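Chains as they are written, first to last, in the numbering used here: chain A, 1 to 270; chain B, 1 to 629.
The set of hints was computed from the structure by calculation and includes no laboratory data. Where hints are given, some of them may not hold.
Stated by the list, open to error - Derived CB-CB ranges, DEER-like: (1) A/V146 x B/R408: 48 to 56 Å; (2) B/E420 x A/R233: 56 to 64 Å; (3) A/L201 x B/E271: 42 to 50 Å; (4) A/R206 x B/R229: 29 to 37 Å; (5) B/R408 x A/V75: 51 to 59 Å.
Since the model is a prediction, treat every value here as computed from it, not as a measurement. Beta carbons: idealized from backbone N, C-alpha and C, even for Gly.
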Amino acid sequence: MNRSTAFQFRAGNSFFHHLDPLTKFAWLVAISLLAFGAYIAWVQILITVAVLFTAFVLARLAFLVVLRGTWLFGVACLSFLVIQTLTLPGTHVAFTIFGHPIYAESADYALASALRIYTIILSSLVFVRTTDPRELAIALVTQMRVPYRIAYAFFIALRIVPTIEEEIKTIRAAQAVRGVVRQRGIAGRIGETKRYAMPLLVGSLRKASMMVMSMEARAFGAYPQRTFVEAPRMTAAGVAVCTLMLMLVIAWYGALMLGYVHSFYVFAPA
Amino acid sequence: MAFVAIDHPAESATLRSLEDVDNAPASISEATSRTGSQGKGDLAIDIRGVSYAYEGEADQVLRNVSLTVKDGEFVLILGPSGCGKSTLLQLFNGTIPHTLKGQLAGDVSVCSKPIASTKVASFATEVGMVFQDPEAQIINTRVRDEVCFGLENLCRPAGEILDRHKEALAFVGLDGFGDRSIFDLSGGQKQRVSIAAVLAARPRLLVLDEPTANLDPAGMAEIFAVLERLNREAGTTIVMVEHRVDELADRVSRVVMMDRGSIVFDGAPREAFSQRRAAHSEEDGTVPTSAWFPQACEFALGLCDARATPLAAAVMPLNVAQAVAFADPWVGPATGKPFLTLVPMQQEDEAAFLRVNQLSFGYEKKLPILSDITFSLGRGEIVALCGRNGSGKTTLARLLMHINAPPRGSIWLEGKDIAELSAREISAEIGYVFQNPDHQFVTDRVWDEIAYGLQVRNYSDKAIEDRVGEVLDIVDLKRYRDRSPFSLSLGERRRLSVATMLVLEPHLLVLDEPTIGQDHERAQQLMGLMARLRERYRTTILMITHDVRLVAEWADRALVISSGKLLFDGKPEAMFADQMLIEEAGLLTPPVYEISRALAAAHPGGPVRPTLSLTDLVDAIARSGGHAA
């Protein structure tokens with residue numbers, strides 16, 4: 001019995017779980033567009049708070065799940081924040097550390113950049129955790145007219161990721177028992193990957209071939225179309241979420257184009 | 001979120017070969033009447049002179065195979081690993097030659113359709129295929145989606161699909177499981193979902209390739225009960241490859257034995273098990289076919305051999321009740337010397353080198369996987385660790401190896417806390433043979449594979465050369481020293497995997513499910529190797545297993561875990577004597593024990609006592625001087 005990965009769908013009963021996959025996908029795209037379009041800290045703080053609210057209230061994710069899924073990126077974002085704050089140029093000195101000036105512009109920009117990355121990771125976690133890959137695949141077929149063979153290939157790829165993760169963990173454990181020590185550095189990691197590759201490849205090919213046989217034996221691909229006994233459909237809540245997100249994106253980019261807010265921070269030469 | 005059904009009627013489809021979709025029977029049970037209308041003697045399978053070699057390979061896997069299976073039969077296919085059993089099954093829905101290409105000669109018709117000109121999908125309503133590993137064959141993440149999958153592909157109307165899915169789930173005893181996540185099911189439940197997923201299409205023929213290989217005995221019993229019902233009540237024809245013959249011998253109508261790609265026996269179960277024959281393993285060693293015999297049959301054969309009495313196939317017992325009835329007249333008065341007495345287990349071994357003390361563990365505090373486990377292991381013991389799938393056995397073994405970090409002060413190895421030892425220090429003392437040997441291979445050559453553990457511990461070249469040579473001899477792999485580990489057969493890879501651990505001369509060797517995917521003979525060979533290790537190095541063997549015959553034949557001691565708690569620590573005889581424990585742990589009692597227990601109860605004060613040894617039981621009865629009826 002192994003600990004499940006945070007980036008994996010878990011059934012639930014939250015508002016977000018009940019939204020259809022395409023609405024959630026539209027939400028994810030809108031969050032990403034807003035995050036990439038805003039280079040100002042206060043806007044990024046607002047977006048991060050909104051996504052955190054979605055994660056904890058609308059999607060009812062446990063704090064530990066969010067922590068497990070994002071802590072590594074959180075640490076990376078924090079490092080990013082510190083390095084950029086210390087190294088980027090600016091004009092207004094906010095304060096000094098050991099005689100080193102910290103500029104308000106660089107701190108603002110660094111915070112916005114760090115939060116942007118964290119927000120996108122967090123919103124992806126919310127999406128993956130609350131969206132059944134199969135429903136997403138079906139929505140792509142029934143609402144976006146994607147051919148079902150392609151949609152299922154996408155679904156199976158998502159479905160198999162946790163299995164491969166488990167397989168890698170098992171191989172790592174099995175090889176650790178042999179005295180293989182985890183390698184550091186790029187060369188070490190390449191050597192490690194080579195050692196994992198063969199058993200992983202052999203196992204994955206066996207599983208993939210079994211899956212193909214199981215699908216073909218049940219007439220997958222026999223007809224150009226297929227029945228879906230339960231195809232997700234956009235509800236009024238979904239329409240409301242999509243409309244809200246669309247309005248926010250249009251409003252923000254409209255405001256940028258009309259010059260009501262700053263577009264991009266340009267570092268002034270010292 | 002709202003859901004809506006989206007139908008695409010088959011009439012709009014273009015694939016004409018799927019015209020049978022609309023001719024499916026109205027219920028699973030209707031298969032009986034359909035079989036009746038086709039006539040009980042109609043052929044579900046008709047194979048004549050078939051030979052087959054996989055694409056790019058010169059050696060034939062099937063050689064001049066002819067086989068006919070009538071509607072309503074329940075056929076068990078037996079044979080050593082690598083004899084072509086699974087390949088034969090892949091002919092039955094056209095996977096060979098359409099998905100798996102190769103050189104196919106001869107004529108194959110399944111459900112009156114020639115496979116050469118019929119696509120795999122066209123068999124979807126007539127042939128259901130169930131494979132060994134439910135994890136690999138289940139496509140969807142929810143039970144309902146999996147069961148509906150095939151009928152959705154066949155463009156059946158949504159209402160009909162939902163009705164049929166309910167019927168199929170009810171048939172396999174999973175009524176109301178539609179909304180469950182696949183990830184929350186036990187192994188037996190997952191395999192029942194796989195069966196329901198093919199039953200929904202109401203197939204005429206069900207083909208199963210070792211469907212219980214990954215299941216605990218309780219899961220296995222669930223599957224066999226479903227199959228028996230399907231065959232008897234719905235008249236579905238079943239063809240199955242399976243190694244667990246004890247529970248199947250009296251359920252099947254026919255046995256086919258294969259050896260090196262050919263059929264060497266085809267007949268009734270009693271005839272099949274009444275005569276010992278020879279077959280050949282993948283490594284070309286000779287394997288007695290009795291390796292696959294039910295214990296009830298072995299017992300009858302042994303008894304007749306001991307009394308030099310011929311055994312007519314017609315009276316061959318196929319289950320425990322029949323074996324008891326068969327042997328009852330042979331049991332005479334007590335010889336005055338009972339052959340077996342139960343010895344209570346010593347709970348505390350002063351010479352223990354590994355102690356587990358009040359070990360509790362879980363990935364999340366609220367969900368403990370192990371609770372308050374305490375036991376110790378002494379040198380040279382063979383200990384079986386038993387319990388249901390998911391009971392915590394593998395987690396316990398992984399904690400012993402520090403693959404999962406154990407709480408401080410809970411596991412002591414030679415007086416040292418394992419939590420404070422490095423991975424290399426532990427692996428010098430404890431070896432772990434994983435279920436899948438491929439996971440452990442780290443080099444491209446058999447010799448290097450065995451040498452690896454010594455090299456990373458800085459042994460001298462001379463010492464490495466000597467030790468590797470010695471170990472290659474022990475595991476009988478010297479002739480393959482320059483081969484890639486991945487090119488060996490499964491049995492050889494298993495032995496290589498053991499050798500990589502053995503070379504470090506560990507005090508404890510942990511075997512994780514040594515019999516999964518292996519026939520009984522190969523498991524016996526592996527355990528024979530373990531016994532030699534124990535004699536030579538006083539190695540302690542801890543085997544995680546569901547195989548009750550393996551426990552009965554090899555274990556000195558058994559540990560039983562249920563829901564993370566240690567329920568039992570003692571002699572296997574005492575474990576099998578406790579019926580409540582056996583039920584709680586999802587185990588089964590070996591037939592020899594049940595036979596001896598029933599005979600002992602029928603002859604109080606007689607020569608028979610409950611035993612796990614077939615030889616002892618046969619000797620006791622043979623010496624007692626009773627007379628066969």
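Going down the list of hints, with the structure as the test:
no. : hint                        : in the structure
1   : A/V146 x B/R408: 48 to 56 Å : holds, 53 Å
2   : B/E420 x A/R233: 56 to 64 Å : holds, 58 Å
3   : A/L201 x B/E271: 42 to 50 Å : holds, 45 Å
4   : A/R206 x B/R229: 29 to 37 Å : holds, 31 Å
5   : B/R408 x A/V75: 51 to 59 Å  : violated, 27 Å
Violated hint: 5 only; the structure is consistent with all others.
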